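The primary structure of each chain is shown beneath.
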Amino acid sequence: MTKDHQTVKPAIAGAPPQHLSGGLHVAGQSRFVVDEPRPAGMLFAKLLASPYARARIISIDTAKAAALPGVAAVLTHRDVPGANQIGHAVRDEPLFPSDETAFAGQPVALVAAESEAIAAAAVGMIAVKYQELEPVLTIAQALKQDLLYAPERRIERGDVDQALAKADHVIEGTVASGGQEHFYLETQACRAVPGEDNEIVLYSATQSTAEVQEIAARVLGLSSNDITVDVRRLGGAFGGKERAATIWACLAALACRKTRRPVELRLERIEDMAWTGKRHPYESTYQAGFTRDGKLTAYAVELNANGGAYTDLSMAILERSMLHADNAYHIPNARIVGRACRTNLPPNTAFRGFGAPQGIFVIERVMERIARTLGKDPLDVRTLNAYREGEATPYGQPVDEACHPELLDRLQRNAQYDRLRGEVAGFNASHRTLKRGIGVVPVKFGISFTTAFLNQASALLWVYTDGTVSLSHGGVEMGQEVNTKVAQVAAAELGISLDRIRVESANTKRVGNASPTAASTGSDLNGSAAREAAGQIRQRLAPVAARLLKEKHGIKVSEDRLAFANDRICDPRHPDKPIPFAELVHEAYVNRVDLGAHGFYATPGVHFDRAAGQGRPFHYFVFGCALALMEVDLVSGNSRIIDAHIVHETASSLNPEIDQGQIAGAFIQGYGWATFEEVVHDAKGRYLAVTPSTYKIPTIRDLPETFAIEMVERPRKCSSVFGSKGIGEPPLIYGEAAWFGIKDAIESLADHKSEADLAFPATPEAVVLAAEKLKG
Amino acid sequence: MIAYINGRKRVLAEDDLGKNLLSFLRDELGLTGAKNGCGIGACGACTVLVNNRPVRSCRKAVADIVDANVLTIEGLAREDGSLHPLQQAFADAGAIQCGFCTPGMVLTAHALLLANHEPTRAEIRRAISGNLCRCTGYQQIIDAIESAAKFYR
Ligand code: FES
Ligand code: FES
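One line per chain: the protein sequences are A and B, in this order.
At position 579 of the first sequence (counting the first as 1) the number is 579 in this note's numbering, and the numbers step up by one without a gap.
To convert, take the position in the second sequence, counting from 1, and add 776; that gives this note's numbering.
The set of hints was computed from the structure by calculation and includes no laboratory data.
Treat the hints with care, since some could be wrong.
[As the list claims (entries may be wrong)] Result set (DMTMM-like, lysine to aspartate or glutamate): computed pairs, CA atoms no more than 25 Å apart in a straight line: (1) B/K785 - A/D35; (2) B/K836 - A/E268; (3) A/K696 - B/E899; (4) B/K795 - A/E114; (5) A/K376 - A/D293.
For clarity, every value in this text was computed on a predicted model and none was experimentally measured.
Given only the sequences and the hints, what does the whole structure look like? Please build it.
Here you go:
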């Protein structure tokens, strides 16, 4: 058995704290980028953004702005010393556009000045002449003009056409889902501080330290070792700072390089909402064939994503959509086609779930239609189609330890499903305009970056002579408590208490080439690397401990039988005669034993052949399901969530409290996406809802009355460090249950015999419209 | 002109009065616990208490705190630096993820509990309905406030 498959719970002295920084947060002492004391002479940067989604830049006149007292620099594409290119996977994105703008909100010029007010005034003095061009905004427009980021991708299994021809029933349809604003509470920010020689330190609010380092160096014409990226924590990110933080860091770096002074660039909320990319809207079409019992036999789906103005992460996001097009269901014959469209919206980007929620939504619609077609309960159809142990996905990976039938069963029991159905029917019979409905969504989510090489991580661990530990790893803390979990792993491996460990900021000098903290892999990868580092230290300490036990207590014990626990090392047969950890460390030091270790981890066995659409892209799957009881007012269209039940298999959770928080927060975020968070732009491609007053995210009023989360803890072979599983993204998809609950409520108008044509998100207007249509 | 900020008397200069309160607290007094989450009074991250009432400091000027008692998150902990029971409750309940909304949440809850020692869950919801949190899903925040109420009785 490999280490990965050990399912030993880390033995940690005392209860784990839920958040290593919790005390600092509640005291207002934790520091985010712009909370650090300002370095002397720091300048403030402001940006001039393109008002047009697509326009030719005829001229940029910065003279007046540059002459304003207090302005240190006004910069445009002409001032980029290196490559004016910040694309990563694909190099198609300029730092500043030189001839044509690609989206409304694209930075065209930057001012660095002594104060924010002066910078803002100077921005207003820059004169840009544009020639407005016709933008492409929708998926339909892009498909018509064949504006794709790459040739369409395919995953195929079996013979779909034959299976469709043979099926008892065939349905087809189109499904659209909307975008979503990240609304991390901390807006995009970076501070760039010059050092000696060519050095620049970027205190960037990014999930991707290595990417920012690499691209800032490229833009400045410097080397990676000139640039240091340091991230202590983020005030939320949700994918919105994975790729989309790079541009702001590069802009700050450029201003710093040009002025040789520290520069702070922080987006105002309105700028952040108006200028940055969001969750990809999708428009998809499908054909599905199924038996008279409701078993899906053929599924052909075309998933089309609105990628926005540059490739960004769109191809990886599309890939994850395609790899989740099956969700929890075994489909013997499948054809999954994916396209990412180029449009003139801000480049859409990573957002918790990374395309999976959109792909899953389509097949969930199919499940509901099968149920309505056959007059069955949608939950029964879902259970019938759920993967059984070892059945293969369309891309050929077997679903090991599949457990949806069982989890759905638990969900039914927890929510008292049959009784609830009866109550809802009773409620609907006695109410004319208020209707209730139930939505259920199972989720199977694959863990690993589907770009296989990203599945690697490093950690750097120092034990000091007083027995305390400094731990650096490649993960970025953003509220998901990766620091707490990684520290728990190291503490367990060394048998020391958590308060001996300080987790340092993510810093490219200590941990280089770090993969983004994303794809729900942060704790898996970095925890495994930390475990590796701690294991090396333990191995080096063992002979010293064995010698000390002999000298001090006359105990003869072989090194591999030593117990490291509770800050002490002992022979398990003589627990009363231990060596304190600090004493052992000091002894090791004076005997010239290396007390620093670099740990490395690469997820074994993951691979995916894109051309063939086959492989084993995921280390393991996360399984769970959710139920939402919804109420809608058919007159106003308003809906509310009454109850939510979630069953989620956590395997051997490193920290159940943290996992519970992730599940709850993700569910509410997904619920917002599915029901009332609406991203809208005008005919010119400018986002309209750009403040929290106009773009509604869930508030505490949107919390269900009953919010019951069952975490199924049990040892699983397919899991990661200490038998745990990733947690960040999958529960967001549970929020789709709210959408299905609203749909179910509306369909009570037609006795659940026909389907409501409900838009996504299920805004009040969408609800009213769908109800009117259904009434005919 | 004076104001009492976290119990300490502070003389305000004439040309301070027109300044934005959030910027003044953060940039001039170094009280960076209050966060700028939106700058337009719509998220609650900048909340401080003025005479025990929650106020969106991003929408106030220094003139608004003349002669007033201002409490920022830095002033809530005990003299000896130990956490206030409400802060402890937030930490214990797991009511924190990224922590960016936390200072505003804690202070808004503090104002509620000063005025109402036994709030119902509905009252707690109402009191903090203007404070946005994108991470937690709020459930643990309600739990934290509810469990801390006893310390105010
Ligand atoms: S920053 Fe003041 S309410 Fe948002
Ligand atoms: S904890 Fe992140 S916004 Fe509330």
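Outcome of the hint check:
no., hint, result
1, B/K785 - A/D35, "24 Å, holds"
2, B/K836 - A/E268, "17 Å, holds"
3, A/K696 - B/E899, "21 Å, holds"
4, B/K795 - A/E114, "17 Å, holds"
5, A/K376 - A/D293, "9 Å, holds"
In summary, the structure agrees with every hint in the numbered list given earlier.
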